[in-house]
Each structure stands twice: as C-alpha cells, then as structure tokens.
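Enquirer: Taken in order, these protein sequences are the chains called A and B. Taking my numbering, the leading residue of the first sequence gets 18, the next gets one more, and so forth. Taking my numbering, the leading residue of the second sequence gets 314, the next gets one more, and so forth.
No wet-lab data here; the hints were simulated from the structure. Built from N, CA and C at the ideal position, the CB exists for glycine as well. The reader is advised that the hints may include incorrect statements.
Label pairs and their calculated CB-CB ranges [said to hold, decoys possible]:
1) A:E90 <-> B:D367: 34 to 42 Å
2) A:S101 <-> B:A318: 18 to 26 Å
3) B:S316 <-> A:K74: 14 to 22 Å
4) A:P78 <-> B:G375: 37 to 45 Å
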Amino acid sequence: NAGVTQTPKFQVLKTGQSMTLQCAQDMNHNSMYWYRQDPGMGLRLIYYSASEGTTDKGEVPNGYNVSRLNKREFSLRLESAAPSQTSVYFCASSVRQGPGELFFGEGSRLTVL
Amino acid sequence: AQSVAQPEDQVNVAEGNPLTVKCTYSVSGNPYLFWYVQYPNRGLQFLLKYITGDNLVKGSYGFEAEFNKSQTSFHLKKPSALVSDSALYFCAVRFLSGNTGKLIFGQGTTLQVKP
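One chain only, chain B, in its complex shape (with noise of 0.2 Å):
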C-alpha cells in the first residue's frame, strides 16, 4: 500500500542548531513529494516540493529537503532553527503511476526550537 511516515511526534532543538524533520514513504512508482507547515489555529503553508532533477530543493523560509530515492526519504532540513519556526510540519507525497490526484500525508511531526 502507498504510504508515507513521519517517525518522529516531535523534534526538539535549540535555536541556532540545524535541525531535520523526517519523511520516509512507499511507493510503487514515482512521486511527487512535498512539506507543508502548520502553525496553530492556522492551515496548511506549502513549504516545498520534489518533482524530479536535483535531490536537493530549496523553499521558504530557508527550509530544503533532500530526496533518497534508495531510501525513499524526504528529509526536511534548516541549517539554523529559529524560534519562530516551532510549528506542526507535514510530509506528503502524491504517486504517479495510477494516480488519481489524491494527496497522501504523513502524521505530523511537531518542531519545537527553544530559545
């Protein structure tokens, strides 16, 4: 089945660490992955997306994630964390291959970065 898994609930780290928020997925297929970030009260913001060429990408706020196809991981990373980034942040991955559009996301992993 086509899945994807944030193992972590929550990510503690101190400001001005990097910090990692992890994504693995399963797959039969190629997919489109992407990170998205909630803050309290709030909906979801698209932070970033994989669709194919560099594994590397870049997005807001400074954020990037690196795409593993042999790991089937899209790891969400910030050099440097801010306060202000604590927040609730979603993997998802949306497949190609009998793909009728759906949207497939992660738990949730919660940041918190304390000052």
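Excised from the complex, chain A in its bound form (with noise of 0.2 Å):
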C-alpha cells in the first residue's frame, strides 16, 4: 500500500541550482497535484494535472515547471532555485477532480541557500 511516493525527502541547494521533485502513485488515480506548505500559509497549490497529457497552472507556478509522464508519474522541476523556494513539497493525487478528496504523500523538504 504505498500510496504517494516522493522523491527526494530532503534537499539542500544553492541558489540558481535545479533540481527536480518526483512523485508516483499506485491508485491508478486521473489527476495529480503539486502543493507547497509554507507557515501561517496552508498549502498552496503549484501545478496540477487533471488527466495524462495535461497540466495547468495553480496559484503559484512562478518558478516552477511540471511534467505527468505517464498516468503514475508527475514531477515538479526548479530550473533555478531561489530562497523563496525553500518550503515543504506535497504531491498528492485523486481519482478526479470534483468530489474525490486528495490523497497526499510524506513530503519532500527542500532548502535553497
């Protein structure tokens, strides 16, 4: 039962350094999100893609680029990573958009310096 599975859990970067988050899912779930959790801030979603083949902007892609590789697979990439990228990374998945409460992985913990 492993769900959502991220990759890396943690990192460390330097500024204008890239890097590239991966997630999968077993569920066999349509759409996948990217969010990231900042305090007093709640989640805020980055990029999000309601079926394989398509992606779509959320309220703060600024910096970021997705890709769904197949249905199981949607990575996140920072092509030049800022301080202001430093935050807790959530994938998460559900089976569609509508009713279907989301279903999150552990996180990944990024730093830029």
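Quick one: dock chain against chain with the hints and give me the complex.
Expert: Here you go:
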C-alpha cells in the first residue's frame, strides 16, 4: 500500500541550482497535484494535472515546471532555485476532479541557500 | 474571490472536553468541503467531506463536521478530545461552478489537547 511516493524527502540546494522532485502514485488516479506548504500560509497549489497529458497552473506557478510523464508519475522541476522556494512540497492525487478527496505523499523538504 | 478561512491559529482544549475547529468560506456557487489532518513531519490525511445531503458529516477518528450554508461555515467537531488528536488541521474547499478542479486550503489550525 504505497499510495503516493515522493523523492527525495530532503534536499539542500544552492541558489541557481536545478532539481526535480519526483512523485508516483499506484492508485490508478487520474488527477495529480503539487502543493507547497509554508508556515501560516496553508497549502498553495503550484501546478496540477487533471488527467494524463494535461497540466495547468495553480496559485503559485512561477519558478516551477511540471511534467506528467504517464498516469502514475508527475514531476516538479525547479530550473534555477531561489531562497523563496525553500518550503515543504507535497504531491497529491485524486480519482478525478470534483468530489474526490486528495491522497498526499509524505512531503519533500527543500532548502535553498 | 473564492477563499477559505480558519480564524484561529491555535485551539487548546483539555482531554475529554468537546472541541471545535472553525472554518468559513466565501463562494459563488456550491462547494465541496473537506477536512484534513497533518501530524508532525507527515503528509495530510483525509478526515471527512461534505458533498451534498445531510449537513452533519461523520468522518475518521470520531470527528464530525457541520455544513451551514447560510453562515458559509464547515466547523470540525469532536465530542471528547484525545491527546492524540493534537495536530494541524486544514479545511479545504473545491468549488463547482467554473471549477477547474483546484482545492483551496485554509491556513491551518493547530489543535493542542492537554491531559
């Protein structure tokens, strides 16, 4: 029962470096999401993918890119990391948009120095 | 603008007492409403949701929530709190009309249950 798996769990980057956060789900869900969590701000949606082959911007997409590689996998890329991107990143999935609840991964803690 | 608010940063209750964590939303349409819980260094876990029907929704771990359309609220409740309920709680709303599937989260409320 893996559910939603994120890698890596921890990462330290220097300003300007790039990296990719990986996410995979084994629940055959159609929709996948990337959120960031910052103290006092709740979770903010970065990008989402309603179904395989589609991606859309969320509330805070600047500085990020995503790829829906297949139905299982949805990656988040930081091309040139900035200190403002220090955060905890969560991947989530749902059966579809609408009433279905989201299932979350355990999070990836990213620090940009 | 569509939004969701959790007016309390922290709620403190004694073990065995009833607890309420508040959530209100602003909406132009009918929402789907959710509560999630987050334990330290973990992802969010689904507690319960309101889609339609009975305004009182029951969920995991003895939690329930009451949907009040006139007050645009969806408060989380539990009759008798446990120390193990201490965690960060998030209310979330997904709007139906003009919906692009986005789930909007409140800022979160830390629940502290003391023995």
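Enquirer: Does each hint hold? Answer for all of them.
Expert: Hint by hint, here is what the structure shows:
no.	hint	in the structure
1	A:E90 <-> B:D367: 34 to 42 Å	holds, 38 Å
2	A:S101 <-> B:A318: 18 to 26 Å	holds, 24 Å
3	B:S316 <-> A:K74: 14 to 22 Å	holds, 18 Å
4	A:P78 <-> B:G375: 37 to 45 Å	holds, 38 Å
Of the numbered hints stated above, none is contradicted by the structure.
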